[in-house]
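Visitor: Sequence:
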Amino acid sequence: MTKTSMKYPVSVISGLLFMVIFWTFTGIAIYYYPGNYNPLTNWMSDLGHMELNPKGHIYFNIGCIISGILLVPFFIGLYEWYIGERRNVILTIMTQIAGVYSGFAMVMIGVFPEHYWEIHIFWAIMLFTTTILTFILPSLALYKYKFTRNIAIYGFAATVVNLVLWLFIYPVLEWTTIIASFGFIGLIIHSMYKRIDKLRAIRLSLRSIKVKK
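Sequence positions in the sequence shown follow the working numbering and run -16 to 196.
Hints should not be assumed to be uniformly reliable.
[Claimed, not checked] Here are the computed lysine-lysine pairs in the DSSO-like style, where the Cα-Cα straight-line distance is at most 30 Å:
no.	residue 1	residue 2
1	K129	K181
2	K127	K181
3	K177	K127
4	K129	K177
[What the hints assert, rightly or not] With beta-carbon atoms standing in for the labels, derived distance ranges:
no.	residue 1	residue 2	range
5	Y14	F165	18 to 24 Å
6	L0	D180	18 to 24 Å
7	I104	V155	17 to 23 Å
8	I(-4)	F130	20 to 26 Å
9	Y14	Y(-9)	37 to 43 Å
10	G18	A184	32 to 38 Å
11	L0	L187	26 to 32 Å
12	P37	K181	47 to 53 Å
Because the hints were derived from the structure by calculation, they are not lab data.
Because the structure is a prediction, the values reported are computed rather than measured.
Beta carbons: idealized from backbone N, C-alpha and C, even for Gly.
Input sequences plus hints: build the corresponding full structure.
Guide: Rendered as structure tokens:
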């Protein structure tokens, strides 16, 4: 295995691309938004509304589609976390399933922006629901290990933020939730990049033990 493949697993590469592309396209959409776009009063989906943002909506929607696609390899790449007991592996697999579905939901948000209200709100709810799962499930799996406990604690906190959004539906809370989500992904990328050798060594050791049995 080459040094490059060891240091840049698929979740790191796709995760970085996801963050760069989403915020680049979102920034362009904000730039073209007529008047003053304000996260305190504007929903993020307003950026993709054809009438509210006639010049910039296409950028936001394309950004959602590309970003949603990139979430798929990001979550699939979490197989690097197949360590420890069976419970942890199952929780990681459940995270992958929820994450892939959240990527699909994000694509659908781009395909059906806010002016397709009923379809859009359905996929928005699906995205936020699966996002909660992608916070809580890996946090339950990772809290056991000291070298990933910081990710787990952040994940638990982000789960609370997401649940608050369900109780108090305001644009600023939506933005807080989205930023918390990107922070969680950033932590995963950083941790996986720094500890990929350790994660793979643990998995290799576990395989060796199973073979001996």
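Visitor: Hints first: check each against the structure and report whether it holds.
Guide: Hints, verified against the model:
{"no.": "1", "hint": "K129 <-> K181", "result": "13 Å, holds"}
{"no.": "2", "hint": "K127 <-> K181", "result": "16 Å, holds"}
{"no.": "3", "hint": "K177 <-> K127", "result": "18 Å, holds"}
{"no.": "4", "hint": "K129 <-> K177", "result": "14 Å, holds"}
{"no.": "5", "hint": "Y14 <-> F165: 18 to 24 Å", "result": "19 Å, holds"}
{"no.": "6", "hint": "L0 <-> D180: 18 to 24 Å", "result": "22 Å, holds"}
{"no.": "7", "hint": "I104 <-> V155: 17 to 23 Å", "result": "19 Å, holds"}
{"no.": "8", "hint": "I(-4) <-> F130: 20 to 26 Å", "result": "21 Å, holds"}
{"no.": "9", "hint": "Y14 <-> Y(-9): 37 to 43 Å", "result": "31 Å, violated"}
{"no.": "10", "hint": "G18 <-> A184: 32 to 38 Å", "result": "54 Å, violated"}
{"no.": "11", "hint": "L0 <-> L187: 26 to 32 Å", "result": "28 Å, holds"}
{"no.": "12", "hint": "P37 <-> K181: 47 to 53 Å", "result": "50 Å, holds"}
Going down the numbered hints, you'll see the structure goes against 9 and 10, while the others check out.
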